[in-house]
Structure formats: C-alpha cells, structure tokens
Amino acid sequence: MNKREDEFTADLLQGTLDLLVLKALTAQPLHGLGVSTRINQITKGTFDVKPGSLFPALHRMEEAGWLKSEWGESENNRRAKYYSLTRAGRRQLETETQDWQRISLAIGSALRAT
Amino acid sequence: MSLFSKSGSLIRNTMHKQRIDRDLSEEVGSYVELLTEKNMKQGMNEEEARRAALVEVGGVEQVKEEVRAGRAGFALETFVQDLRYGFRSLRKKPGFTLTAVIALALGIGANTAIFSVINGVLLRSLAYHDADNIVMVWERSFQRNRSQNSVSPANFLDWQKRSISFQQIAATWDTRVNLTSGGEPEELLVQRVSADFFQVLGVRPQVGRWFVADDDKQGANPVVILSHDLCQGRFGGNPAIIGQPITLSGRSLTVIGVMPSGFHFLNTQIQAWIPLALDPANDWRKQGRYLRSVARLKSGVTIQQAQVELDGIAKQLEREYSDYNKGWGVNLVPMHEQIVGDIRPVLLVLLAAVAFVLLIACANVANLLLARTASRQKELALRAALGASRPRLVRQMLTESVLLAIMGGALGVLLAYWGIRALIALAPDNIPRLNEITIDPRVLLFTFGISLLTGLVFGLVPSLQSSRPDLNDALKEGARASSSSNRVVRNLFVVAEIALALVLLVGAGLMLRSFSQLQQVKTGFHADDVLTMRVQLPSAKYGEPQQRADFFKRAEERLAALPGVKSIGAISYLPLTGLATSTSFNLATKPLPPSESPGTEVRPITPGYFTAMGIPLLKGRGFDERDGANSRVVIINETLARKFFPGQDPIGQQVIVTWDAPVADEIIGVVGDIKETALEQEPNPAIYWPHPREPYPFMNFVIRSAMDPASLSAAATKEIHALDPDQPVSDIRLLDEIVARSIARPRFNTLLLAIFAGVALVLASVGIYGVMNYSATQRTQEIGIRMALGAKPGDILRLVVGHGMKLTAAGIMIGIIASLALTRVMATLLFGITATDLPTFVAVSAVLTTVGLIANYIPARRATRVDPVRSLRYE
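In the order they appear, the protein sequences are chains A and B.
Mapped onto this note's numbering, the consecutive letters of the first sequence carry residue numbers 1 to 114.
Mapped onto this note's numbering, the consecutive letters of the second sequence carry residue numbers 1001 to 1875.
The set of hints was computed from the structure by calculation and includes no laboratory data.
On a predicted model such as this, the values are computed, not experimentally measured, just so you know.
Any given hint could be a false lead.
As the list claims (entries may be wrong) - The following label-pair restraints were derived from C-beta to C-beta distances:
{"hint": "1", "chain 1": "A", "residue 1": "GLU75", "chain 2": "B", "residue 2": "GLY1043", "range": "16 to 24 angstroms"}
{"hint": "2", "chain 1": "A", "residue 1": "SER109", "chain 2": "B", "residue 2": "GLU1379", "range": "55 to 63 angstroms"}
{"hint": "3", "chain 1": "A", "residue 1": "PHE47", "chain 2": "B", "residue 2": "SER1389", "range": "18 to 26 angstroms"}
{"hint": "4", "chain 1": "A", "residue 1": "SER109", "chain 2": "B", "residue 2": "PRO1391", "range": "35 to 43 angstroms"}
{"hint": "5", "chain 1": "A", "residue 1": "GLU75", "chain 2": "B", "residue 2": "GLU1048", "range": "20 to 28 angstroms"}
{"hint": "6", "chain 1": "B", "residue 1": "GLY1029", "chain 2": "A", "residue 2": "ASP99", "range": "30 to 38 angstroms"}
{"hint": "7", "chain 1": "A", "residue 1": "GLN101", "chain 2": "B", "residue 2": "GLY1043", "range": "39 to 47 angstroms"}
{"hint": "8", "chain 1": "B", "residue 1": "GLY1043", "chain 2": "A", "residue 2": "ARG102", "range": "42 to 50 angstroms"}
{"hint": "9", "chain 1": "A", "residue 1": "GLN101", "chain 2": "B", "residue 2": "GLY1029", "range": "35 to 43 angstroms"}
{"hint": "10", "chain 1": "A", "residue 1": "ASP99", "chain 2": "B", "residue 2": "VAL1055", "range": "31 to 39 angstroms"}
Said to hold, decoys possible - Residues of chain A clear of chain B, computed beta-carbon distances all greater than 10 angstroms:
{"hint": "11", "residue": "ARG38"}
{"hint": "12", "residue": "ILE42"}
{"hint": "13", "residue": "THR46"}
{"hint": "14", "residue": "LYS68"}
{"hint": "15", "residue": "THR95"}
{"hint": "16", "residue": "TRP100"}
{"hint": "17", "residue": "GLY108"}
{"hint": "18", "residue": "ALA113"}
Every residue gets a Cβ at the ideal spot worked out from N, C-alpha and C, and that includes glycine.
The following block holds chain A by itself, in its conformation from the complex (with noise of 0.2 angstroms):
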C-alpha cells in the first residue's frame, strides 16, 4: 500500500515539511493544491507533498497560530481555502530558516570532513 511510503516520507520531512509550507506562503495566500504545487517548484521537483501529509501540517500550524485559513475563490470560480502566513508564522520561518542553515552548514562541513 502506498499510504506506508507516505507515512515514511513524512517522517523523513518531520520539521522540514513546516518550514517548506511556511517558505511556499511568504510570496501569497494559497490553497492546499496550490502549497502542494508551489512546494514542487521551488524544490524543483524534489519534494510532491501528498495530501496524506499535507492537511495534517496545515491544520496543525493552523492550530499553532502561525497560518490563517479563509474561504475563498480560486481562478476558476471554485470554493477553496486558503492559508497565509501570520505574524507568528514569518517570525517560526525567519527561527527554521537559521536553525536550518545552521544544521545543513554543520552536516555539509562533517561530510567533507576526511
């Protein structure tokens, strides 16, 4: 079944997955497909983020008060939700994106260590 390679590939993304939905938010408010679309893009297709993993995160940030959720209309005239960034969400993004750098620093200076 694929629903256990999808929960594999959210635990490997535990921690990351938050960040690249708060990174995905910076530019403007989008549904769910359209953070699952623009994850896509700007890992250039490295990460498809399945809706498996993908509501959970967005609820659960929603609930940690760093995203906003309003009904809106998407181009075509269809009802959709879509999240933003709040004030607590671009203050976690600016505190993962140092965490983060810090680490891929630390990680990337161990592997070409001899």
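Assemble chain B onto chain A, guided by the hints.
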C-alpha cells in the same frame, strides 16, 4: 504553541466538532476538484483526471482521519467515542458480556478480598504511635533452642537499669481476676503492666490518665485502667467512672483511665490494666521467666544497634548470675513482625492462589474475545477501509476490554465485600488484626489497578490478532472466520489455563491432605462427651492453700453426684489451649546445675482427671485421698519415662522439680502421652502433681457425661454457686470444641485454598469446553467431508478428543513442573506430608484429565452427529 492557544483550540475543536468536520470534508473535496481541473488542463479527459486525482489523494476518509489525529482534543474525543462504541457493542452481546464480567468478577473479587486482608493485617501500620520503633524484647534460650522465651523479672529490671538504647522498656503479664462490682461476678483477663507500658506504645487513655512511676510501686494506692469495652459493657460508658473504686478479686482499685476502643497489646481479650509493681528488692532469680517485655527505641537507634547493646548486657548477666542465666541471651523482634510474622506465609500463598484464579479468568475472557473478534472480522475490516488505522483499532478494542474489566472489577468489589464478611465470620479468632480488615481507599485503588491491568492483559492479544484483517478476505462473503494464528493462540490459552488450575489444585490438595493427617493425629485422650469449665478463686477470699484445696475437693464431689456425670477431674491448664507451666527438673540420682537441667511441664490435677480424660495409666497408681498437701509424689508421662529412664522402671525413682524449694518427689505412676501444645507437636516431658500439694487458685473441670454434655452446664454452674454464690464460672466449653479450635487455623487456610482451587477448576473447565466447542464448530465442514468420505463417528470422536487431550496433557505436564517449583513455599504450612506428595499430584492430575476429557467429549460427540450433507452446505 502556548498553553492558552492550545486549550483554546481544544475547546473550539470539541465544541464545534461537526462544523469543523464539514469544513474539512469540503476542503479535501475542493482539493480533488482543483486537482482534477489541473489534470484536465494537462490533457486528460475528465474521467481520467478525476481518477488520477482520487488516487493522488489516496482516500478522502484517511486524509480526514490523519488531520483529526493531529488536532488538539483528539485523544479525548476518540476515547469518548471508543467508550460509547464499546458500551454499545457490549450491550449487543449480553450473553458474552455477562459471562466475561462474571468470570472477571470472580477473579478480581477474590483478589480484592485477599488483598484487603493483606492490607489490614500486613500493610496497615499498627494502631500504636510510631509503631516502627516498638520492639519486643524476649529472652533466648540457646540450650532449648527457643528464640522467644518469656522474660525473668530480674533480667527485665537489669535491662531497664543498664540499657541506653531504649526510650522506655516495659514488662507485662496476663492474669485473671474476678470482678464483683457493677453486676454479676465475672472473670476478667487483665494485663499487669509496668509504669512505662502505655508510653512505650504511645497510646493515651481516651479519658483519664495513664500510669506513672508512683502507681507502679509496692504499697501504692491501687489503680486500674479499663478497656473501652469493659467501660461500655459493665459501667454504661459513663466517664464518671474515673475516680470510682471497683472490686477486683476482693481488692478495691480506683479507676484512673479508660483506653480508646480497639486498643490492645498481643491479647485482644484483655479488659483492664493494673500496675505490675515488681519489687526491685525481691530476689526474682528464685522464680521462673514469665513476663513479656516491650520497648521503644530511642530515635536514631536501629534495632541492630539495640540488639548489639543488649547482647553485651546479656553476656554480663550470664557472667554475674551464671546459675540462672547460663545459655540465655536476648532477642529483639520488631513489633509488626511479632504480630504478623507467622501469618505472612499463609497470606502470600493465598495471594498467589487468587492471582492464579485471576490469570485463569483472564485466559477465559481472552478466549471469548478471540472467538468474538473472529466473528467481528468483517466489522473491523469495514472500519479499516473507512480510514481507521491499526493503532486506532487496537485502542478501540482495548477500550472495550478495559471496560469489561472495570465492570468485572465493580462486581468484584461487591463480591469481595460479602467475601470479607464471610471470611471474618469463618476465620479463627487467633488471626491477628482481623478486626482491622476493611475495603479502604488503598484496597479500591488496588482493585482499580488490577482491573485496568486485567483488561489490558486479556485484551491485548485478541486486539493485536484481529486488528490486522486482510481487507479483501474479510469482506468476502462466507470467508473463514478464524485464522490459524488465532487457533494457536487459543490453544496456548487452554494449555495455560490447565497448567494454572493444576498448580492451584495441587496447592489445595496438599493442604487437604495435610489437614486430614492433622485430624488423624491421636490426641492421647477421648474428647467426646466431655464438658469443661474454669473456676478461679479470688485470693482475698481463698488466701489459704487449704481453703483452695478444700474448695476444689468439695466442688468435685458435688459435681460427681450430678445425674449423668460419669467421671470428673480437674487440671490447672487444659491441653491444646496454648497454656502451660514449664520449669526444669533433675533426677535425684544425677543433679545438674539449673542452666543445664532439662525442662518439663508441671500440672496440678485432682485424682479423677486421668479417668475423666480417658488417659491410660500405664504403670503404678493414680492419685487418691492419701496424696494431700504434704505428699511428695508425682505421676510422669510416657515421654519423660522414655527419655530419662530408658530401660528402667521409673516407679519409685525420684525427681527434683525446680519450684519453691528443691524437694525430691517419688514417681508413683506413668500415664500415656497426650498432645498438650498442639496436634502437630510431639509431647514434652510432663509431671503431674496432686492439687493439694500445689493448690492453684484456678482449675479447669473436665466432666465426662453419659448424656449430651452441654446440657450439664447449667446444673454444674449451680453446684459451684451452691458452694460460693459470688464465684464466677467461666469458659464453659466442650472438650472436642477445644480440639477443633486448636486446628481452626489450618482448617481455615485449607478451606480458603480449596474454595479458590474450586473456582479455578470451574473457570478452567468452562474455558476448555468453550474453546473445544468453538473449534469443533469451526471444523464442521472438515468433519462433514471426512464423514462423507467414510469416516466413522468413532474416528471423528478420536480426532476431536485427541486434539483436546493433547492440549490437556501439555497443560498438566507444565502444571506439574510449575507446581514442583512453586509449592515448595508451602512447606511450612504442611503437616505429615512433603510439598512433593505423590498421591496429591496423581489425584490432581487425574481430576484434571477427567475434566479435560468431559470438556472435550461433549463437543466432540456433537460433531459426530453432524449431517454430512448439511455441513457441506454450512456457511
């Protein structure tokens, strides 16, 4: 996330659950729509596009479930949901629910009852202040190998003077007095205690004051402290009794206090306390050891340190008074240990027994659940298809089983409540702290805990087993309801049940065998048709030895003349009542120093005693009119004759009993041994004196009757009152009751263990039957095919029974091995047999084999009656 916003979402989520759910459905729906649109833009036709979108989403319900799982309040929400669902599904199967709850209630109830006994007796601290610092101080005889010997007043006074480990040390001595104020004359058991007694125990009188040093002196104003019960019963509970005089054995004493209800020290029958008033000027080393002493350790002093100090003092005393103290030491025992020490092994065995009962109940319920979940497979598969994850399903099933267990626990508490009352009613009164047994919060907590644990234990395997259904198979119509791993687990449960039941039955069997051995022990006397009663003469009225000798002589004559009396005699202490006078003695031909001379029991009797008791005279003559106050004759028992006069005729030989003055007594007779101390103990050497020689103020009459002995009691009491109207008669009992009482404790232990083993046997046989019946039903189709192919009913019977009996045999084997390992802890409780008693093991195995055979045979026979045609259509 801040606590505030978290609890905010929790409230929001719980309050607006439905709206949020609708919202979520809509959101996921719109995702699918948008994705379909996107796919169509990329050139798929509409149908293709929607299909691809749905595949990508991977199940709308699963996504929703994932989102829900991440939300605040999810745990609570699902718990409430599981609970509601659990209740509903239990209500749908009342037969299953009732069976499971009853089985669990039996198991949990038995555990609650025994735990409440353990709680009351072993765990709850004693009713004394700071009881952990209270120790009993015994003398230890190295020579007679006695670790808890009574204490000599002289040694007690020296310990008191020399030791620094104790805050206080006190001595006590139980005795009887006659109370003549406030109603009919009545005999009371009182405790003579030294001044610090109440301070050692740290318990103050409810009203009035406790003893001070000045009360405990020779010639002090005589005072008394009453027990709560005596004050209530005899003096109407009136506190004005303080300061009033009461008359005890002809002496007037002033009441200075009343103790709180329930207070007692080592003896629950004590009704009053009187100062001991040991005179330090007296040479107490001319007397024996008869005190019990108790002390409170100074704070910071451990019992080991105190023991070391007292060992040193004992060494000094041994040097200083080597005649009296050679071979004697001191032994400190924690108070709690003193009170509950010898009941602990019994209680732990009983606890193990009820734990086994509960395990069997668990195995039973687990099997029921397995069978049930097998038939629920389809329902579970449906729930999985609708998005329930495996942990979610396991939790759902565990909620159900815990629910069952809690219901069982609630009913169990009720059973335990009745059980405890029955237990207390049945229990012999020499079990310590029996009155302290109740269902208190700790017991309830224990019950709740084991209920939870029970629910998890019996629920875990079935829920793990059935929570991974193969969706396709399970949803198919007419699929086989049970998997092979399911069957293996069920078989294992059967084996475990049989093994557990066997261990319990072996335990109960050993106790029963041991008890029957105990009952067959020859007492050495004839206990039937004998009435006994005690008369204690007050010293104020009967101060002269001659008065006492005369009283008992005349009383015996009057009683002998009563119609229906066959023979009559009297003795100081009746056998098997736990009381005796012991001292040492010497052969006149071979005197040894006091510390090395052998011990003997000494009992003054009237001439008729041996005849009335049915004790045979083996040699020489009995006592008669000739043996008065100045006689120097004794009768000895067989043990003394055998041990000290081997191969000689003891008649005419002389012994010197360590008593007031060392005089030589001539042996004029030898009588048969009787069990004096306990049925399970070999007789000690015993010396009988004629009563006028040592005229005890109290004697126990033994009246052998030609008719119902109980009917004699009124007439006998009247005869005593005819001699002295103020003279109380007490402890009117039948001799065979005394014998029965002496083995009341083993009888009680045996009864309890037998009850638990019986419950275990019933549970186990129901369990075996259930599983066998189920598996025979499962195999209906197979059996039908076999019969269609020509198998005879006999073959089928062999097939089905054979399978069950293999399991039974395995269970019995494992059970026997476990029993051999476990029943060893019972060794101290057994008499006359060992813990590996072969007949018990054989009998128990036979019983279980029979039960297994029956439980297998019934379903097997039903299977042979299957109509092959119908069974092939079955399902």
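Non-conforming hints, listed in increasing numerical order: The structure breaks none of the hints.
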